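Student: Letter by letter, the chains look like this.
There are 2 protein chains.
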Amino acid sequence: MAKGGITIGIVAPACRIEPTVAESVTALAARLFPERPPALRFHPQCYLSAGHFAGTDEERASALIATANDPAIDAVWFARGGYGSCRIAERVLPALNAAARQKTYLGYSDTGTLLGGLYGAGFAKIAHGPMPSDIRRENGAAAVTRSLQFLVAGSDAGMERSVTPATPTAAFNITILSHLIGTPLEPDLAGHVLMLEEISEAMYRIDRSLGHITAAPGIRRLAGLRLGRCNSITPNTPEFAEDEETVARRWCKLAGIPYLGRADIGHDVENKIVPFGRWRPEAR
Amino acid sequence: MAKGGITIGIVAPACRIEPTVAESVTALAARLFPERPPALRFHPQCYLSAGHFAGTDEERASALIATANDPAIDAVWFARGGYGSCRIAERVLPALNAAARQKTYLGYSDTGTLLGGLYGAGFAKIAHGPMPSDIRRENGAAAVTRSLQFLVAGSDAGMERSVTPATPTAAFNITILSHLIGTPLEPDLAGHVLMLEEISEAMYRIDRSLGHITAAPGIRRLAGLRLGRCNSITPNTPEFAEDEETVARRWCKLAGIPYLGRADIGHDVENKIVPFGRWRPEAR
Numbered sequence: 239m240a241k242g243g244i245t246i247g248i249v250a251p252a253c254r255i256e257p258t259v260a261e262s263v264t265a266l267a268a269r270l271f272p273e274r275p276p277a278l279r280f281h282p283q284c285y286l287s288a289g290h291f292a293g294t295d296e297e298r299a300s301a302l303i304a305t306a307n308d309p310a311i312d313a314v315w316f317a318r319g320g321y322g323s324c325r326i327a328e329r330v331l332p333a334l335n336a337a338a339r340q341k342t343y344l345g346y347s348d349t350g351t352l353l354g355g356l357y358g359a360g361f362a363k364i365a366h367g368p369m370p371s372d373i374r375r376e377n378g379a380a381a382v383t384r385s386l387q388f389l390v391a392g393s394d395a396g397m398e399r400s401v402t403p404a405t406p407t408a409a410f411n412i413t414i415l416s417h418l419i420g421t422p423l424e425p426d427l428a429g430h431v432l433m434l435e436e437i438s439e440a441m442y443r444i445d446r447s448l449g450h451i452t453a454a455p456g457i458r459r460l461a462g463l464r465l466g467r468c469n470s471i472t473p474n475t476p477e478f479a480e481d482e483e484t485v486a487r488r489w490c491k492l493a494g495i496p497y498l499g500r501a502d503i504g505h506d507v508e509n510k511i512v513p514f515g516r517w518r519p520e521a522r
Numbered sequence: 239m240a241k242g243g244i245t246i247g248i249v250a251p252a253c254r255i256e257p258t259v260a261e262s263v264t265a266l267a268a269r270l271f272p273e274r275p276p277a278l279r280f281h282p283q284c285y286l287s288a289g290h291f292a293g294t295d296e297e298r299a300s301a302l303i304a305t306a307n308d309p310a311i312d313a314v315w316f317a318r319g320g321y322g323s324c325r326i327a328e329r330v331l332p333a334l335n336a337a338a339r340q341k342t343y344l345g346y347s348d349t350g351t352l353l354g355g356l357y358g359a360g361f362a363k364i365a366h367g368p369m370p371s372d373i374r375r376e377n378g379a380a381a382v383t384r385s386l387q388f389l390v391a392g393s394d395a396g397m398e399r400s401v402t403p404a405t406p407t408a409a410f411n412i413t414i415l416s417h418l419i420g421t422p423l424e425p426d427l428a429g430h431v432l433m434l435e436e437i438s439e440a441m442y443r444i445d446r447s448l449g450h451i452t453a454a455p456g457i458r459r460l461a462g463l464r465l466g467r468c469n470s471i472t473p474n475t476p477e478f479a480e481d482e483e484t485v486a487r488r489w490c491k492l493a494g495i496p497y498l499g500r501a502d503i504g505h506d507v508e509n510k511i512v513p514f515g516r517w518r519p520e521a522r
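Residue numbers (this note's numbering), protein chains in the order written: chain V, 239 to 522; chain X, 239 to 522.
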């Protein structure tokens, strides 16, 4: 640990980031924690390129396994989403050791595949929240600051406002959770408040994915569902006639799941942090 | 029955068709079976419009239930895919009676949601094949003829060539099956040869859906998988670098599912008929 700060390992299980992202986030962390700057270890794999992905499946899996299993690293922070986590999840999970189980894991979007699999495998410190790549958004430093304060200081200031100590929570991208349903990666969310968000999908796809998710027997045992933001919804032909909250309410009603209103999460700089289960970070 | 021909009920559980589709298909049937033309009962619901759908969920569900439960009707032929079957499946299935269990059901694409649910519920005469709306394609009469000969004459001339009496089969659109996984509508396909096709999806989506499907424990008990055509694949940014057969082979290998080669199915006029299970129609 550098000057009492923690060490955060950053890997990219899906798409790559530019080195400038690492530079900006490192500079931000130094400004936020001048007394105890965290050591941000951006794995070189973050900058690899193999077609759609930040390196081959083998390279991405190896970087994640090495980072998660390193006892000198306190937290694994996923660099960016995109697409690709599902291609390495089945080989990564069985390779993780006891040191990996002690770490915090933070990310969202495509990396929810790994968060869900880790949570299902009993990893205790999982959270859905901003990633280094969010620094590229307008005012993105606000989002990244939220995650750094959560990881470094254990601050709950950036947590989603409905999160309480009493009720277990979880958060996912809608499409990503849909693709975990019925697989060994689907976590048991019975009794949880589930928050769901989406980006760049047509309304018929959002409707179909929510129908799928809420049809799953495990999901029907939720304590409730909250709908995050569904940003940049793509055109539907013909016009879909229902918005995302209407379809969420309808599916919840059919499934007997309490619809609890909106959640302050989404693919944007306002994206708040949702810890999985009842785990809440300790202030440091 | 008209002149010894069978009666086929046509409903649209997803998107609407134009009345001209019914006229063209009826004329084709009369030409194909001058001695015993089938009675094609296009339910008026086929022409309704409610936003994205051929009528409201209530209207589509009611038309399907009434048609399936009518003992005077021999077969239910889905008019068209699109999107919408998943919104009515949970209310339709429990409402079906003994007469519904005797019928043949034929369709593909979005209506695979219903085919899968019916097959899972023990309905014996389910098949994946061309629909009336295929008449609109160039040379679409060839596709529709295949289905009419299957339904009316029990002809196996239009069956997918790898279908044999010995091995149970099933066929689905990739995205549709992905959205059945882990729900009560997911049929038990253990020991089956599963054929999968896709239309108008990006390669990363095809890859993700195949990863989802092949991760399901039930799917890992397949006898084998065949890949149908993936038509009109939409652009991937960046270029995906793998084609659909490469990703199908990779996922099958990871899942321990024998990859058996291509299947002659797809969203096109060559789309052949795949009966579910070991059911094969009797020639009439």
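Keep in mind the hints are simulated off the structure, nothing from the lab.
Don't take every hint at face value.
Identical copies carry no separate label here, and so any pair may be met within one copy or between two of them.
What the hints assert, rightly or not - For lysine to any residue, the following SDA-like pairs were computed, each having C-alpha atoms within a straight-line distance of at most 25 Å:
(1) K491 to D295
(2) K491 to P257
(3) K491 to S393
(4) K491 to W517
(5) K491 to F271
(6) K491 to A277
(7) K491 to A337
(8) K491 to R375
(9) K491 to S400
(10) K491 to A359
(11) K491 to A521
(12) K491 to G378
(13) K491 to P309
(14) K491 to P282
(15) K491 to A380
Just so we're clear, the structure is a prediction, and the values are computed from it rather than from any experiment.
Student: Please go over all the hints and tell whether each is borne out by the structure.
Tutor: Here's how the hints hold up against the structure:
Taking CA atoms no more than 25 Å apart as the test, K491 paired with D295 passes between copies only; the shortest distance there is 15 Å, against 40 Å inside one copy. When the C-alpha separation of K491 and P257 is checked against a cutoff of 25 Å, the pair qualifies neither within a copy, at 46 Å, nor between copies, at 35 Å. In the homo-oligomer, the alpha carbons of K491 and S393 never lie at most 25 Å apart, since the shortest distance is 35 Å inside one protomer and 44 Å across protomers. Taking the shortest alpha-carbon separations for K491 and W517, neither the intra-copy value of 29 Å nor the inter-copy value of 37 Å comes in at or below 25 Å.
Proximity of K491 to F271 under the C-alpha cut-off of 25 Å is found in neither arrangement, the shortest distances being 46 Å within a copy and 48 Å between copies. For a Cα distance limit of 25 Å, the shortest separation of K491 from A277 qualifies neither inside one copy, at 47 Å, nor across copies, at 39 Å. In this assembly of identical chains, the alpha carbons of K491 and A337 never lie at most 25 Å apart, being 42 Å within a copy and 30 Å across copies at closest. Taking the closest pair of Cα atoms, K491 and R375 never come within 25 Å of each other, the shortest separation being 36 Å inside a single copy and 39 Å across copies.
When the C-alpha separation of K491 and S400 is checked against a cutoff of 25 Å, the pair qualifies only within one copy, where the shortest distance is 21 Å, while the shortest distance between copies is 43 Å. With identical chains, the CA atoms of K491 and A359 are at most 25 Å apart between copies only, with a shortest distance of 24 Å across copies and 30 Å within one. Proximity of K491 to A521 under the C-alpha cut-off of 25 Å is found in neither arrangement, the shortest distances being 39 Å within a copy and 46 Å between copies. Taking the shortest alpha-carbon separations for K491 and G378, neither the intra-copy value of 36 Å nor the inter-copy value of 41 Å comes in at or below 25 Å.
Within a single copy, K491 and P309 get their C-alpha atoms no closer than 46 Å, and across copies no closer than 33 Å, so neither meets the 25 Å cut-off. Taking identical chains as interchangeable, the C-alpha atoms of K491 and P282 are never at most 25 Å apart, the minima being 47 Å within one chain and 29 Å between chains. Taking the shortest Cα distances, K491 and A380 never come within 25 Å of each other, neither inside one copy (36 Å) nor across copies (43 Å).
Hint violations for this structure: numbers 2, 3, 4, 5, 6, 7, 8, 11, 12, 13, 14 and 15, all remaining hints satisfied.
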